[in-house]
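Asker: Taken in sequence, the protein lines are chains W and Z.
Numbering-wise, the first sequence is residues 1127 to 1324 according to the numbering used here.
Numbering-wise, the second sequence is residues 1127 to 1324 according to the numbering used here.
Because the hints were derived from the structure by calculation, they are not lab data.
Hints may be right or wrong, so weigh each one.
[As the list claims (entries may be wrong)] Here are the simulated BS3-like pairs of lysine-lysine, each with C-alpha atoms no more than 30 Å apart in a straight line: (1) W:1149 <-> Z:1227; (2) W:1227 <-> W:1246; (3) W:1252 <-> Z:1149.
[What the hints assert, rightly or not] Residues from chain Z that keep clear of chain W, each with C-beta distances beyond 10 Å, as calculated: (4) 1135; (5) 1184; (6) 1239; (7) 1262; (8) 1273; (9) 1280; (10) 1281; (11) 1285; (12) 1302; (13) 1309; (14) 1312.
Idealized CB from N, CA, C, for every residue including glycine.
There are 2 protein chains.
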Amino acid sequence: MKSPSSLAFLTEALRRLPGVGPKSAQRMAYHLMQHDRDGAAMLGRALSQAVERVQHCAMCNTFTESAVCETCLDAERNAALLCVVETPGDQLMIEQTLTFKGLYFVLMGRLSPLDGIGPKDIHLEKLISRATDGIVQEVVLATNFTNEGEATAHYISETLKARGLKVSRLARGVPVGGELEYVDAGTIARAMLDRRTT
Amino acid sequence: MKSPSSLAFLTEALRRLPGVGPKSAQRMAYHLMQHDRDGAAMLGRALSQAVERVQHCAMCNTFTESAVCETCLDAERNAALLCVVETPGDQLMIEQTLTFKGLYFVLMGRLSPLDGIGPKDIHLEKLISRATDGIVQEVVLATNFTNEGEATAHYISETLKARGLKVSRLARGVPVGGELEYVDAGTIARAMLDRRTT
Chain W
1127 MKSPSSLAFL TEALRRLPGV GPKSAQRMAY HLMQHDRDGA AMLGRALSQA
1177 VERVQHCAMC NTFTESAVCE TCLDAERNAA LLCVVETPGD QLMIEQTLTF
1227 KGLYFVLMGR LSPLDGIGPK DIHLEKLISR ATDGIVQEVV LATNFTNEGE
1277 ATAHYISETL KARGLKVSRL ARGVPVGGEL EYVDAGTIAR AMLDRRTT
Chain Z
1127 MKSPSSLAFL TEALRRLPGV GPKSAQRMAY HLMQHDRDGA AMLGRALSQA
1177 VERVQHCAMC NTFTESAVCE TCLDAERNAA LLCVVETPGD QLMIEQTLTF
1227 KGLYFVLMGR LSPLDGIGPK DIHLEKLISR ATDGIVQEVV LATNFTNEGE
1277 ATAHYISETL KARGLKVSRL ARGVPVGGEL EYVDAGTIAR AMLDRRTT
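Isolated chain W (complex conformation) (with noise of 0.2 Å):
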């Protein structure tokens, strides 16, 4: 016995899904077949059209169906500071915190020597050209605070201030509700040496 082989193509190609293994995709796949099969034909199409239509923004690199994004045309917006994040997952969580009130340019990714992932794959002449458009003052980086994000970050930093650029990075310190018995000694490390004057 062995599956019919569109099942079995199926399941090949919901393996290319992050986090799913062969048992997972072979789960959802009886799954859409069996209970949902309007699901699938509506998952079918959601993809063939994202496929189709989901581009990058001209300015900020971030998933557009239009030649600039929303978030790039809206007049309203301080052109003058400009937001680096690696994902557009970022961009949504400091857009929820509605503090910042600039444009944003999306890498679509971090430094990862290690994976091969050089300064090209993060479009980072994109983001130099962005950059020194004239308007741009200040340039604020919110990578993560991992070892790729720490990296991108000051990689990122250095090339733009050689071209005059001020650059700051999120502050780092103890998370707001954070109890210091139970903050990592790095965190609190960091706190102390850029404790504000109050």
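Position chain Z relative to chain W; hints supplied.
Answerer: Relative to chain W, chain Z alone:
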């Protein structure tokens, strides 16, 4: 800022997959758009193709692309034996043991009154007409040994025995390699009751 609508549609559609929540769906959508557009296109095609082609075998109810599946068409199999399983995955597991050379019937589910799954949802009418074709002599119940699986086996057993068929159930007992000290009491009790003369 909001996600471009094709991407939002894709994220929504990915949530139809079992075990995929909003965060995973977003991660999958971004991954496909950023790193694996070929995979996205392939998955789209696989879904459309599967929705279009995959149907249920007229004899055993499993997934197939023809009217009757390969297993049911296999003339070398013993048509007097019919093994009832919950899912195609279970059927695959039994096939891999190479201990069963009869035919199968796949319920595509199990009785679960609390979830509103009754005899009709597990294709019981189809099973009855399949089992009473005059060729089948013994029905082997291989539903899971969970509460729902046991209830399903009991229900099917009563229904088929009333029609004069021989009905058997997979043996319960201590698993191969099992040490009594670490096996639960219920399993040992069952193994004691079902002990075999050697």
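Asker: If a hint holds in the structure, say so; if it doesn't, say that too.
Answerer: Here is what the structure says about each hint:
A threshold of 30 Å between alpha carbons decides the hint, and for residue 1149 of chain W with residue 1227 of chain Z the separation of about 25 Å falls inside it, so the pair holds. Distance hint between residue 1227 of chain W and residue 1246 of chain W is fulfilled; the C-alpha atoms sit about 28 Å from each other, no more than 30 Å. Taken as a hint, the residue 1252 of chain W and residue 1149 of chain Z pair is honoured in the structure, with Cα atoms around 28 Å apart against an allowance of 30 Å. Annotated as non-interface, residue 1135 of chain Z brings its C-beta within 10 Å of a C-beta of chain W; the closest such distance is 5 Å.
The Cβ of residue 1184 of chain Z sits about 14 Å from the closest Cβ of chain W, beyond the 10 Å cut-off, so the non-interface label holds. Residue placement check: residue 1239 of chain Z keeps its beta carbon more than 10 Å from all beta carbons of chain W (closest about 18 Å). Residue 1262 of chain Z, annotated as away from the interface, keeps every beta carbon of chain W farther than 10 Å; the closest lies near 18 Å. Here residue 1273 of chain Z stays apart from chain W, with its beta-carbon at least about 20 Å from theirs, past the 10 Å limit.
Distance to chain W confirms residue 1280 of chain Z as a non-interface residue, since its nearest Cβ pair spans about 23 Å, more than 10 Å. Against chain W, the non-interface label of residue 1281 of chain Z holds: every CB pair exceeds 10 Å, the least being about 20 Å. Separation of residue 1285 of chain Z from chain W is adequate, the least Cβ-Cβ distance of about 22 Å exceeding the 10 Å criterion. With a minimum CB-CB distance of about 21 Å to chain W, residue 1302 of chain Z clears the 10 Å threshold, and the non-interface call stands.
The Cβ of residue 1309 of chain Z lies farther than 10 Å from every Cβ of chain W, with a closest approach of about 25 Å, so its non-interface assignment holds. With a minimum CB-CB distance of about 26 Å to chain W, residue 1312 of chain Z clears the 10 Å threshold, and the non-interface call stands.
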